[in-house]
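Asker: As they're listed, the protein sequences go chains A and B.
Taking our numbering, the leading residue of the first sequence gets -13, the next gets one more, and so forth.
Taking our numbering, the leading residue of the second sequence gets 155, the next gets one more, and so forth.
FYI, nobody ran anything at the bench for these hints, they're computed from the structure.
Quick caveat: nothing in here was measured; it's all calculated off a predicted structure.
Treat the hints loosely; a few may be bogus.
Capping the alpha-carbon separation at 20 Å, the derived lysine to any residue pairs in SDA-like fashion look like this [claimed, not checked]:
(1) B/K300 - B/R447
(2) A/K61 - B/R369
(3) B/K194 - B/L157
(4) B/K196 - B/N156
(5) A/K222 - B/G317
(6) B/K468 - A/K222
(7) A/K170 - B/K460
Residue-level listing of the chains:
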Amino acid sequence: MGWFTRSTAKKQQTEIPEGLFAVCPRCKAHIYKDEYENAFKVCSKCNYHERITAAERIRLIVDKGTFREFNAGIKPNDPLGFKDAKGTYQEKAESAIAKTGLHEAVVTGSGDIHGLRTTIAIMDFRFLGGSLASATGEKILLAAEHALRMKRALLIFSASGGARMHEGIVSLMQMAKTCAGIAKLDRAGLPYISIMTDPTYGGVSASYATVGDINIAEPGALIGFAGRRVIEQTIKEKLPDDFQTAEYLLDHGFLDAIVNRAELKEYLHSMLLYGLGKKV
Amino acid sequence: MNLEFENELAEIEERIAELSKLDSSEYPQLNKDLGALRRKMKNLTKKIYDNLSPWDTVRIARHPDRPLFKDFIDGMCTEFIELHGDRRAGDDKALIGGFATIDKHRVMLIGMVKGRSVDEKVYHNFGMPNPEGYRKALRLMKLAEKYGLPIVCLVDTPAAYPGKEAEERGQAEAIARNLTEMANLEVPIVVVITGEGGSGGALGIAVGDAILMLRYAVYSVIPPEGCAAILWRDAEMAPQAADALKITADSLLELGIIDEIIDEPAGGAHRDPETTIQLTQTAVITALQRLKRQSPTRLRDNRYNKFARMGRVKKPRT
């Protein structure tokens, strides 16, 4: 047996078998994949909360088998017939649909949280950066109207880079449209809890995401109106490292709490019990 | 200041000015020549302004001689009493408001101040409000509701200010709060986009029952330069982005975002601010008269339906 074979044999011993471990995107720690998945992609070493999909979020929050999606067929509209250097918006939207299996950047439906039936909207950052456009706004407004009709609480999980440029002014108007829905819930005395996840920016942070009765965020989530680069270019100075983190926002008075993913369902359940007051 | 597509106009203007200095006794043809030049000027102005590209319109909307909020206050109101402060942190200089009388209507008038001289521009932060501005605006709107006064908002801002302290004091929340609370208000809200309607910064005071827009104003989710930098990877492609974003009054009327276009005199508001302000005043008064007839709850319901319709997506049959 020559050196070559021996060397390979040794390498095989130290190499981490593919598929057994997950690597934390932040601290690069190796964590058993099962453990990482069971923790809903939270690093057991550094508590990094990786972005998760709407489907994973449903498994995390909603009682098994109780989620009923509605308005699933609503797809992006192309009110401007938008085209940029890379092609048409329609092509871009079709490719996002093919890639994610979703029809829009938000999934809406009803589900139970420890038996409390709730209306839930969950944004998925994979779909065009979770951008807010006409179909996204429409689904959120319909969810608010559903909560109102059923006299239930509304939960919205945000994850978005902001308004979708490809629908121009129509995207901008979705900010006013969704907030009008939130205003109706408010008048009806129904609870609205906003959960900001990484990242929550622009047209979403400047509309429904920041006007919850209760505003909470996941650890380390970046939340802001303008992006860091735009601000640095405007004020011509470097921003602190923790700028626009959930911890920074909590410190400045814009969050009620930062809640770990592991405790999120329990936390939301408690909030709903208080929020629904005499109704449960 | 002269925009490049107006160069020919400027040349004629110059010749008219030169000829006007001459004595007609030495130059018998003077009046005839002047008349011809003025006719030429009028026809050319119409030709240029009938064929503006969206990017040309952006340039006009940002023209330094375009009437600003303070000009509208002076020209439209017989009285304006500014009310200061958000009762929280400060008094924003970019977004101001107060009691105003327009014709016989007592209203709450709110708008962005850009300033004209360099000092004024700096003082008013180039018309880019901080959270205090939006919170002051909301305080004044609630006051208007309490007193049963209609609200008139004049919008002209490049954007809400993207600054460090603006973020720390909750720029996003301040705008979001206005969008939510404005949906609940039970008095008429008339909005006029007079110059730049800069994204969320504009929308923060623009949830109206009647949304009017000057002919050469623009209203956009993102400045064309910013959109070009992201989607074309080149800010120089701003004219293409301006085209794609559909930001002109005609496009917005067609999309159902605005209710009415207020015409500007030939050659734009910067050539004739007085007429522009007068036309704006007339349009605002007409809207106020119409909205004042509606009951408070009807106003609120109609406003809800108006915004719910924007970008309505039909549910597919399943």
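Asker: Run every hint past the structure and note whether it holds.
Answerer: Okay, the hints, checked on the actual structure:
Distance hint between B/K300 and B/R447 is fulfilled; the C-alpha atoms sit about 18 Å from each other, no more than 20 Å. As the CA atoms of A/K61 and B/R369 are separated by approximately 33 Å, the hinted pair breaks the 20 Å bound. For the suggested pair B/K194 and B/L157, the alpha carbons sit about 19 Å apart, so the restraint of at most 20 Å is met. As the CA atoms of B/K196 and B/N156 are separated by approximately 17 Å, the hinted pair is consistent with the 20 Å bound.
For a cut-off of 20 Å, the pair hint linking A/K222 to B/G317 stands: about 10 Å separates their Cα positions. Simply put, B/K468 and A/K222 have alpha-carbon atoms about 45 Å apart, too far for the 20 Å limit, and the pair is violated. At roughly 14 Å between alpha-carbon atoms, A/K170 and B/K460 fall within 20 Å of each other, so this suggested pair holds.
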